[in-house]
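Engineer: Model the full structure from these sequences, guided by the hints.
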Amino acid sequence: MKIDSRLPSGPIETAWDRTKFEMKLVNPSNRGKRTIIIVGTGLAGASAAASLGELGYNVLSFCYQDSPRRAHSIAAQGGINAAKNYRNDGDSIFRLFYDTVKGGDFRAREANVYRLAQLSNNIIDQCTAQGVPFAREYDGLLDTRSFGGAQVSRTFYSRGQTGQQLLLGAYSALMRQVKAGTVRIFSRTEMLDLVIVNGVARGIVVRNMITGKIFSVAGDAVILCTGGYANTFYLSTNAKGSNGSACWRAYKRGAGFANPCYTQIHPTCIPVTGEHQSKLTLMSESLRNDGRIWVPKKKGDRRPANEIPEEDRDYYLERKYPTFGNLVPRDVASRNAKQVCDEGRGVGESGLGVNLDFRDSIKRFGVQLIKERYGNLFEMYEKITAEDGYKVPMRIYPAAHYVMGGLWVDYHLMSSIPGLFVGGEANFSDHGANRLGASALMQGLCDGYFVLPATVPHYLSTSSLPNISDDSKEFKEAVGEAESRIKRLMNINGKRTADSFHRELGKLLWNYCGMARNEAGLKKALEAIPALREEFWQNVKVPGDSEDLNQSLEKVNRVADFMEVAELIVNDALERKESCGAHFREESRTEEGEAKRDDANFSHAAVWEFAGDNKKPIRNIEPLSFQYVKPQQRSYK
Amino acid sequence: MSEKGMKLNLKIWRQKSSKDKGGFVDYKVENISPNMSFLEMLDVLNEKIILEGGEPIAFDNDCREGICGMCGLYINGRPHGPQSGTTTCQLHMRSFRDGELITIEPWRCGAFPIVKDLIVDRSALDKIIMAGGFISVSTGAAPEANTIPVPRDDSGNSMDAAQCIGCGACIAACPNASAMLFTAAKISHLGLLPQGQPERKKRALSMVKAMDDAGFGGCTNHGECEAACPKNVSTKFIARMNRDYISAGLTEEPEKE
Ligand SMILES: Cc1cc2nc3c(=O)[nH]c(=O)nc-3n(C[C@H](O)[C@H](O)[C@H](O)COP(=O)(O)OP(=O)(O)OC[C@H]3O[C@@H](n4cnc5c(N)ncnc54)[C@H](O)[C@@H]3O)c2cc1C
Ligand code: FES
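Chains Z and W are the protein sequences, given in the same order. Position one of the first sequence corresponds to residue 1 (this note's numbering), numbered consecutively onward. Position one of the second sequence corresponds to residue 1 (this note's numbering), numbered consecutively onward.
Calculated from the structure, these hints are not laboratory results. Just so we're clear, the structure is a prediction, and the values are computed from it rather than from any experiment. Beta carbons: idealized from backbone N, C-alpha and C, even for Gly. Treat the hints with caution; some may be incorrect.
Capping the alpha-carbon separation at 20 Å, the derived lysine to any residue pairs in SDA-like fashion look like this [unchecked claim]: (1) Z:K495 <-> W:L45; (2) W:K16 <-> Z:G544; (3) W:K4 <-> Z:E349; (4) Z:K102 <-> Z:D545; (5) Z:K541 <-> W:G53; (6) W:K21 <-> Z:P623.
Just a sample of chain Z residues kept apart from chain W, beta carbon distances all over 12 Å, derived [to be verified]: (7) E13; (8) D125; (9) G506; (10) E575.
Structural biologist: What follows is the structure in structure tokens.
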């Protein structure tokens, strides 16, 4: 696999402007003749589709929900970062860039991250102009808060529904283009495969989820903005339908998959209550601004939280990290929660939980202010747990949340297959080995509003793309393959449901490849996953008909891919013998027990290449170099 | 409640497709924990149905945290069930009694044809937004964000309206199947902001027209919509929309197709 990241040379501050200037444009009168297929209508997909539609391209937009407005981005709560420095608290593009590179534990590309930090400001302008109701100060100007380990206040927000408001903004821009006739929406339409003609991406195979009809769509470029694969863990904070299938099929058609083992476990989620649990609910980590995290000092102390006196409490984050305290980055907070629970000091019925206590903030600021800041989160917590977080500490535990890994892309966001672009969480992106809070929304919109609308046209104008129709050989073959796979799944007629397999897979992954990983465990997972997959293909049961709305079939089809994604995650985790960011190898830690990188051997992105079913995939590397932020041991003491 | 959790009797609407007539089917579930969400209870039922060789009940859902607007069931005669300000996915089984009979239906409204079982087609809502639920600013054309200050109250009010999740409960609850609350929420969200002023009148006219064209009914002030709204969007926005609509009618030509 050829890995050319097409990184610009020269000073980083002007790199994106220079790249843009060097890009070829498409004559406005020719744009309507070019068809761009965009899969996904989350922040990345909707903003890309709207922006490319505005430019005059013929855009086809796909999503599996009944409306593009329901993409999983809608669930983001906390906020979106930008380097506006409205507070004059020392923020700058360089600082956002620096924080992101450092927060990602020096495993991201500097040039990409710098561009992200630069464009962050345009995003806030764009969204404000669209009517996104960001929180305001009394003077009517935009409010910000500090979030997830940042020491400056750079997070813009709309109450606890930032993702919703940003997505509705992008969705309305999208619908405006639908009205203008540049964009066509295909909702309840799931991508099953990618079609490659003469080595370049020219279309997709999809299934109409109402009629079951499988068909193909041809175009000049394909953009995947299909979100992350955190649902490989079964229990995660992602929407039930979030899946890895679109990216996985692209991988199997030759796209490199980078750093699959970088999976983020979010520290503040509501703990699991039982086997019936179908998903985990995130409590925005903005709660860590005012909530204090603690567990009892003594193992097995089962007293109700409010009866445990101060001297018997261990505010372990404040104790271990006096500078950052409860605001340490996610990976550090999660690992520490796991550690105290492993020591038997966890709280709640299962012992898998830690307290998030607002008592002191309420004392200090009054309950009213806490209500103003987090009212909807307390309500949500009470709905789920029937407990009042104002009176007793909330209980939280880490959960799978986000993936930094994804399809490998170059500086233009093009994958290793020409003509296949990837945006948003689906690409391996700019977050290195750990994403900072409020940076995913920023990246999705940066990709969709600003990067893809510049780079995709450049591709179109510099490639020779003969006219093609979807009844050519390659399309027919791909449709045939998709149909026979569906047939195969329908015919297994085994004894277990898709969910039961998925749950088992999730547990394997959580236990052996979750917050802490070691060689022995990973090797065990590498035996167990293929065995489970084998059983799946012999013993899964899909009721109903394939030519009909069939949610079991949708599930089974996604779980079949998760089974393979899981194995790649573990392979990657095993080969990366260092700890970095969210990837914590127990064999590689500092004397204080923190993640220890091995820059001499692992300062690179691992780019996996599909080598055939049941063959070990090939691990390629893209070396990373740092000119502006010198790699150092991350410390939040 | 026995140690093994709740037992419930369920009466669930089953319908093979939009063309099929459909009808209620009775089910029983046992061992239901009060900590389960309503949809998790249906998951348990579906797993059982699959293992017994049947076809599981189709219902829409995605985020399962009350924000995507995908879920929506008519439970014991109420959209999203007995708890106010709550989507179906956020409803928990502790809101029900052991042994209770629960009736579960899809949204009932002419503009939302049933697709299968409990799933309906809500694409009419997208058409209303398409008609004008946006501010026409193309990417790259935005001024620096803080050049447009927005009074904090306006911004808060706008956000109150913008919270709509587009689930359709308001329409399912309305005796006239009116989409006024949904439409008014978007018109108010944008109309309360300075950025939304230039297109304010045109927006009101075209969105109301799209609403009528999609076959939704008119508003006769029942107020059921607000009561059913999981996000507590207020009917005051309907009054606001009506004002916009009337004043627009006096000065603006409706948009030509
Ligand atoms: C609970 C929660 C809270 C979060 N809070 C924050 C926050 O406060 N700040 C922040 O920065 N980030 C946050 N994140 C992360 C952030 O929301 C996501 O990373 C981001 O929204 C992903 O956007 P996206 O456009 O890449 O994909 P998504 O929004 O996931 O959209 C994926 C799209 O792809 C479509 N799709 C997927 N597969 C297929 C297929 N096979 N065929 C057709 N269509 C398909 C879907 O229909 C959907 O339209 C949060 C995440 C979660 C889970
Ligand atoms: S499933 Fe998203 S609101 Fe209920």
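Engineer: Each of the hints needs a verdict: does it hold here or not?
Structural biologist: Outcome of the hint check:
no. : hint              : verdict
1   : Z:K495 <-> W:L45  : holds, 16 Å
2   : W:K16 <-> Z:G544  : holds, 11 Å
3   : W:K4 <-> Z:E349   : holds, 17 Å
4   : Z:K102 <-> Z:D545 : violated, 51 Å
5   : Z:K541 <-> W:G53  : holds, 9 Å
6   : W:K21 <-> Z:P623  : violated, 62 Å
7   : E13               : holds, 20 Å
8   : D125              : violated, 4 Å
9   : G506              : holds, 15 Å
10  : E575              : holds, 34 Å
Consistency with the previously given hints fails for numbers 4, 6 and 8, ordered from lowest to highest.
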